[in-house]
Amino acid sequence: MELLSFENPVFVAYAIAAAIMVLKAVAMSWLTVVQMVRFKGGYRSPEDIRKTPINPEPHAGQLAPDERVERIRRIQLNDLENLPFFFMAGLLYVMTGPSLLTAQLLFYGYVVSRLLHFVAYFTAQIHDVRAIFWTIGSLIIVYMAVASLFHAL
Amino acid sequence: MELLSFENPVFVAYAIAAAIMVLKAVAMSWLTVVQMVRFKGGYRSPEDIRKTPINPEPHAGQLAPDERVERIRRIQLNDLENLPFFFMAGLLYVMTGPSLLTAQLLFYGYVVSRLLHFVAYFTAQIHDVRAIFWTIGSLIIVYMAVASLFHAL
Amino acid sequence: MELLSFENPVFVAYAIAAAIMVLKAVAMSWLTVVQMVRFKGGYRSPEDIRKTPINPEPHAGQLAPDERVERIRRIQLNDLENLPFFFMAGLLYVMTGPSLLTAQLLFYGYVVSRLLHFVAYFTAQIHDVRAIFWTIGSLIIVYMAVASLFHAL
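Protein chains in written order, with my numbering: chain A, 1 to 153; chain B, 1001 to 1153; chain C, 2001 to 2153.
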């Protein structure tokens, strides 16, 4: 059986987790747009305060940071610091031919940790709460990268 | 036929699109360097205003944000928020064995949307113009991720 | 022999390089945490100055940028601007079936260039020093992307 194939249940688990994480990351972009339109602010480029159908009454204050938009940007930056490395470590890990149960725990555990991280960050829970969810995801990436490295060496 | 192979024309289309997007992203880094050297500013680290052959007459003002550099940084950040997810969603989509024509439309459509997004952003078109190109690319990623997810489930 | 398999020594070299780069990137997140806890500052979210076991004596100044934390964030951003494109270009390059020696030079050369970039940035060497290491890595990505593109066309 080919490892990188939908016939391999470990790859199926990886594909499900990766696809959900792609959609989660893209949703952050859309949520940024929603917040900018909703609060009519948090824009970043000088041309964004030119009059358009979406922004009919522009003013200079719209270029100032708006915490309700900045919060989503920080959540998104956190995704950028994590998801590409999950994708890479996960792909290598699939290639090592792990047991299905372990792989599912790692892949789906990662997805759950990131979704909970989002909820904790979006609802402004104390730092320690979102740190716990972030740490779980980060350790899963480290585990898969180290396991792949040992498999390769 | 193996799906992940240059013998698969769908993979060839993916490889062409992904390679162009890699070069586009790397070009943003080089364009940032070009703008920093050209306008002698927009540096970010305290040590960047130490005297060197590239910066023979440094001064503290070089650490202030320079819109001509910041614009490229915003374009690059937009790439970081999009391209890694195109790479991942596209790879999964190749594995689902789609029709060649659909895959080419999605992959090359994505490339065109991102190049037009760059032109619109670089020339400071109104927000709605670059938003249209960004939206096309974003929807292509969403479509491929959802199609891969349904294929996996 | 399958190209994407641990039986292919070119893939093994890619896997080793990619796994090390994943760990390097994740280490930047942990280093940011270390610096924030060590210097009790450089936080970014309003809720981060609520009293918790990790931050027992919070104050508003902890939300101001702290250069010792910002430096790590800049290094990490540089990783985000480079590593995902190394992963993608490297994967395509493996698929082109290159010679083992060339591939090892490119993959391991990239790893070394990024580790030296980190040392130069972390110890605040002049801009030109870290620019040299960054340039080596960037050119390796460009070479692999172009080689893959020509192979595909």
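You may find that some hints are simply not true.
Unchecked claim - Straight line, CA to CA, 30 Å or less: simulated DSS-like cross-link-like pairs of lysine-lysine:
hint, chain 1, residue 1, chain 2, residue 2
1, A, Lys40, A, Lys51
2, B, Lys1040, A, Lys24
3, A, Lys24, A, Lys40
4, A, Lys24, C, Lys2024
5, C, Lys2040, C, Lys2024
6, B, Lys1024, C, Lys2040
7, B, Lys1051, B, Lys1040
8, B, Lys1024, B, Lys1040
9, C, Lys2040, C, Lys2051
In case anyone wonders, no lab produced these hints; they're calculated from the structure.
Against the structure, the hints:
1. Taken as a hint, the Lys40/A and Lys51/A pair is honoured in the structure, with Cα atoms around 12 Å apart against an allowance of 30 Å.
2. Straight-line distance between C-alpha atoms of Lys1040/B and Lys24/A comes to about 39 Å, which puts the hinted pair past the 30 Å bound.
3. Our distance criterion of 30 Å between C-alpha atoms is met by Lys24/A and Lys40/A, whose separation comes to about 24 Å.
4. Our distance criterion of 30 Å between C-alpha atoms is met by Lys24/A and Lys2024/C, whose separation comes to about 24 Å.
5. The hinted pair formed by Lys2040/C and Lys2024/C meets the criterion: a straight-line CA distance of about 24 Å does not exceed 30 Å.
6. Only pairs whose Cα atoms come within 30 Å are accepted, and Lys1024/B paired with Lys2040/C is rejected, the gap being roughly 39 Å.
7. About 12 Å separates the Cα atoms of Lys1051/B and Lys1040/B, which keeps this hinted pair within 30 Å; it holds.
8. Between Lys1024/B and Lys1040/B the CA atoms are separated by roughly 24 Å; this keeps the pair inside 30 Å, and the hint holds.
9. At roughly 12 Å between alpha-carbon atoms, Lys2040/C and Lys2051/C fall within 30 Å of each other, so this suggested pair holds.
Violated hints, listed in ascending order, are 2, 6; each of the other numbered hints is respected by the structure.
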